[in-house]
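Protein sequence lines correspond, in order, to chains E and R.
Heads up: the first sequence begins at 5 in the numbering used here, then just goes up one per residue.
Heads up: the second sequence begins at 90 in the numbering used here, then just goes up one per residue.
Pairs of lysine-lysine, PhoX-like flavour, derived with a Cα cap of 25 Å: (1) 48/E x 159/R; (2) 48/E x 115/R; (3) 158/R x 115/R; (4) 15/E x 66/E; (5) 115/R x 159/R; (6) 82/E x 48/E.
No lab work stands behind these hints, which were simulated from the structure alone.
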Amino acid sequence: EAGVAQSPRYKIIEKRQSVAFWCNPISGHATLYWYQQILGQGPKLLIQFQNNGVVDDSQLPKDRFSAERLKGVDSTLKIQPAKLEDSAVYLCASSLVGLAGGPHEQYFGPGTRLTVT
Amino acid sequence: SQQGEEDPQALSIQEGENATMNCSYKTSINNLQWYRQNSGRGLVHLILIRSNEREKHSGRLRVTLDTSKKSSSLLITASRAADTASYFCATLRAGGTSYGKLTFGQGTILTVHP
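So here's chain E without its partners, still in its complex pose (with noise of 0.2 Å):
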């Protein structure tokens, strides 16, 4: 079974550009997710997609930060315009888990290391 995918792994930019990231999640798993780690830190969630829907974003920047997940499989999260504090590695994750219930067990793709300058 393939797991999660991602791209770009590493990506370096200037404050003030824009990026995007892009993540393809295991076949079949409604289920998408987008983290946010900074050096040191554990994963923070920044969104949560259930199929092409929003479920939590809550912890989204919205001012510069966005995500779509359309057709319920591919994903991008997008930042424009990036901040020096927005270097981290940025983590996509799936899981089988429909409705609220079941285990969420999840699964990450390697991550894409962003350095802002």
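Here the structure of chain E is known, so what remains is to put chain R in place on it, guided by the hints.
Relative to the frame of chain E, chain R by itself:
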């Protein structure tokens, strides 16, 4: 905000020794999960324990959960150099409309010396 807090922040042991990491959390949970993250890689799910369970085993891993104290521990027995990684606990909150929102702790960095 981070729900779980891991203790210790860093742990250094010799190969063959056991490693114990602890996690404390604040709210009622549906389940608690442990993940491992090797340097520069994504997280890998290790083990899940439900709120009505007290202990669970998987290979060299043993997890305990004490809901009265809101704490969990992960024991890795007979550690190997390959176990060197960061270990995170993550909690799934009970009730509400969390729809599977996991809240991660800060992690414990484990170093196993050959």
